[in-house]
Structure formats: C-alpha cells, structure tokens
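Engineer: What follows is the residue order along each chain.
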Amino acid sequence: MKAYFTRTYTISASHRLHSEELSAVQNRAIFGKCNNPHGHGHNYRIEITVGGPVDPATGMVINMVTLDRLVNAVVVARFDHMNLNFDSLFAEKVSTTENLCIGIFQLLAAEFKAKALKPAILEKVRIEETENNFFEYSGD
Amino acid sequence: MILLTRRATFSASHYYWNPEWTQERNEAVFGRCANRNGHGHNYTLEVTVTGVVDPVSGFVVDLKWLKDVIEQEVLDFYDHRHLNLEVPEFANTIPTTENIAIAVWKRLEAPVAAAGGARLSRVRIYETDDIFAEFRGEWSEAGH
Chain A
1 MKAYFTRTYT ISASHRLHSE ELSAVQNRAI FGKCNNPHGH GHNYRIEITV GGPVDPATGM
61 VINMVTLDRL VNAVVVARFD HMNLNFDSLF AEKVSTTENL CIGIFQLLAA EFKAKALKPA
121 ILEKVRIEET ENNFFEYSGD
Chain B
1001 MILLTRRATF SASHYYWNPE WTQERNEAVF GRCANRNGHG HNYTLEVTVT GVVDPVSGFV
1061 VDLKWLKDVI EQEVLDFYDH RHLNLEVPEF ANTIPTTENI AIAVWKRLEA PVAAAGGARL
1121 SRVRIYETDD IFAEFRGEWS EAGH
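Respectively, the protein sequence lines represent chains A and B. Mapping of the first sequence onto the numbering used here: residues 1 to 140, in sequence order. Mapping of the second sequence onto the numbering used here: residues 1001 to 1144, in sequence order.
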C-alpha cells in the first residue's frame, strides 16, 4: 500500500538570472528585472514528497525527524541565507527555480540511495518561488 | 476526465504510540507526538474525485452532495474527537497523517462510487500548513 508524505521547508536566498552565453542586452531582454546585476531574493517554500508503503509498526512512510535531518543538512544548511549564484550547483547553470528544483531533487535522491531509506523513495520536489510561481520535478 | 476537489476541516486530538514497544522506544521514534495525554491539530482534508462532466448539469458530482458525504462519513466521526480513543479504525492503527489519509479513503470510496458518475481519485490531508499526506488508492504498490 503506497502513500505519500510531504513536508515543507523554507529558505531565504538571493539570485540573479544571467547567462554568460548571452550578451548584456540579450540577458536583459530574456530575464528582465531578474537580471538586475545586484540580484534579488525570495522566500522559497520547498515541498519534499516521499512515497512508499506505510510501515505497520510506525504508521509512517518516513519518520519526519529523519527527513528533517536530511533536508536540513543537504538543502537548508547549503542554500538558506545564501546567494544561489555562488553555489557550485549554479557554476554553469542559470539559478532559475527550475534548476534549483532539479538540483535539490538530485542531491536528495543521492542521499536517499546512500542512506538506504528504502522502501521510501523521493517522489517530488516542488518549490514555490512566490505565491504565484511554482516549479515541480519528479526525476523525469 | 476532470478532477474536482472539495476541502473540509476538522479539529481532533491524537498521539503516536506503538503498544508493542517500550516507552523509551516510543519516545525515541515519535518524540513529542508520543505524549500519552495527546495533542491536537486543525486538519484540512481535500477530497478529489474524477469522472466525466454530465452534459446536462455540467457537474462531475454535485458539490453539495460531496460536502454532505464528507460530513456524514468523515467529519461526524473525526471532528472534535480523540482519534486514538474514539475512532474505531485507530484503535489498533496509529493515527499518523498517512494512516488518516488511508482511513478517509476507505470511508469515502464506496459512497462516492455508489452515487455513480465519479470515483475517488485522491485524499490529501494537511496536519499543519507544512505537512500533508496523500493516498491515491494504490493498495498493492510498494514503491516503484
């Protein structure tokens, strides 16, 4: 029997959407005010969804404490109150929330594998950049 | 096919406790949730049904009917109750958010199907704004 558990984490970070492959004019045209040289910031709401069977002993898909420890170590400690553009994840990629979503999924998926959290698996990472913008990645 | 979701809220108390474990182990695994005096939440329930749009009414289901079904099958049993002590399905099952999602599915699946035209697609339950569990009727699947 498969169920899904989701928990939200919040980070505050700055970024600037800018591609080295584009001219200054093109960057401004594509990214608009997100290309502001000094960057800007968001409170990102990150939803982590874990799927798997419900353990009959605990009634849980995954212990929230285990998930908190993992996400705090791998995601929150790394990105909270940071400038995303200076993170190695964005050395060659634009720090869009699409790329942040994929990056966080991959970081966590590797930890799920390494820590043998089976049968629980990482299902989805969903990030709200603002109330009106959100992004999802499920490892496709 | 279209998905239609109705939201409802209820307030209930619960605790997490596995009677086969020692107090120490329960406290180690469940932390503050193992407090036997219980604690409570305002739960938000989202019930999603799927079906074809009736060409006459333009409805998948009548939302007033769905509201009544949720009230009669779920809220009348859960709202302002202690889930462990007063709701039969949690007498021997820990009322985690995951298990509540599954229990609500069990309560609603037959009544929704019996009405014809729609079937239950998803039950999502928020324990807080930042925590929710979902069940989609995947009884046999144990992961990918």
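Don't take every hint at face value.
[What the hints assert, rightly or not] Selected chain B positions facing chain A (in silico; Cβ < 10 Å): (1) N1018; (2) P1055; (3) W1065; (4) E1073; (5) D1076; (6) D1079; (7) A1091; (8) L1120; (9) S1121; (10) R1124; (11) T1128; (12) A1133.
[Claimed, not checked] Ranges of calculated distance between the beta carbons of each label pair, as one might list FRET restraints: (13) B:N1092 <-> A:A77: 38 to 44 Å; (14) A:G41 <-> B:R1119: 18 to 24 Å; (15) A:I30 <-> B:D1076: 52 to 58 Å; (16) B:S1011 <-> A:A77: 50 to 56 Å; (17) B:P1111 <-> A:K93: 46 to 52 Å; (18) A:K115 <-> B:E1109: 44 to 50 Å; (19) A:E98 <-> B:L1003: 36 to 42 Å.
It should be emphasised that the hints constitute simulated quantities derived from the structure, not laboratory data. Note that CB positions come from ideal geometry on N, CA and C, so glycine has one too.
Engineer: Can you name, in rising order, the numbers of the hints this structure does not satisfy?
Structural biologist: 2, 3, 4, 5, 6, 7, 8, 9, 14, 16, 18 and 19
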